[in-house]
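Asker: Construct all of the structure, not just a fragment, from the sequences and the given hints.
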Amino acid sequence: MSSAEKAMKILKLLSENPYEIGVTELSNKMGYAKSGIHKLLSSLSKGGLVQQRENKKYSLGIGVYLLGKSYEENVGIEKFCKPYLAKLRNITNENASFGMWISNNPVLVHREESNELVRVVGAIGGTRPIYASAIGKVLAAFQDEDIIRKKLMEEPITSFTPNTIVEPNKILEEYKKIRKQGYSVSSEEYAMETIGVGAPIKDHSGKVWAAISLGAPKMRTSKSKIDKYIYLVTQTAEMIKKDLAI
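Numbering (numbering that gives the first Met the number 0), first residue to last: 0 to 245.
Some hints here could point you the wrong way.
[As the list claims (entries may be wrong)] Per label pair, the in silico range of CB-to-CB distance: (1) Lys33 with Gly125: 46 to 56 Å; (2) Gln180 with Thr157: 24 to 34 Å; (3) Ser223 with Glu153: 33 to 43 Å; (4) Asp143 with Asn89: 32 to 42 Å; (5) Lys55 with Ile90: 49 to 59 Å; (6) Lys55 with Pro82: 40 to 50 Å; (7) Trp208 with Lys176: 19 to 29 Å.
The set of hints was computed from the structure by calculation and includes no laboratory data.
Even for Gly, the Cβ is constructed at its ideal location relative to N, Cα and C.
Answerer: Encoded structure:
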């Protein structure tokens with residue numbers, strides 16, 4: 000492993016809970032001598048990418064925030080996900096969407112729309128129910144269960160259609176199913192005559208940070224098409240993970 004690869008590994012480890020690590024622990028996790036780890040931390044610290052706390056442990060530094068801010072202002076998540084969604088849309092000619100868990104809710108961040116006159120509609124930037132939409136269900140399924148249980152207890156569960164899952168225990172069972180199979184299907188749960196298929200996008204540690212989905216009018220789907228959509232969204236999600244190497 001090169002010095003650059005070791006430095007990236009350190010930054011990734013510091014981005015995980017508990018978000019601060021000592022030199023000895025880093026050395027043990029990475030399998031390298033403390034002297035070499037300390038030298039890398041010193042270089043990263045000079046660049047503002049890590050900082051040493053009062054307890055002598057290291058955490059990410061302000062430089063990481065500035066890099067992220069620069070990325071968002073000059074590249075942006077929409078530009079990043081657009082090629083993947085456009086490819087999905089072109090293959091299926093159905094809506095391809097990208098969502099993230101923001102402020103404790105699933106939010107639709109970007110969409111490449113179908114060219115068909117009849118298509119599923121929805122506002123970019125809008126939230127999605129955690130128990131009905133494909134993106135909402137798949138993002139919620141991989142959140143901390145205590146957070147989800149609290150939301151189910153405190154927030155109203157609306158029956159959008161006769162197919163909406165409204166019983167908390169059944170919703171939690173649906174999440175277990177999604178985690179096991181690696182994708183979600185929402186069949187006329189959020190709106191009648193619509194079907195969505197979603198897949199989680201994971202980082203190197205297995206944490207879900209985003210999701211993608213395909214949405215289509217029911218009249219254009221079939222069992223074989225839905226199976227194809229499941230394959231496409233799960234493979235695209237895996238491709239994003241590999242391309243980012245996160």
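Asker: Hint by hint, work out which the structure violates, then give me just those numbers in ascending order.
Answerer: Hint check: nothing fails, all pass.
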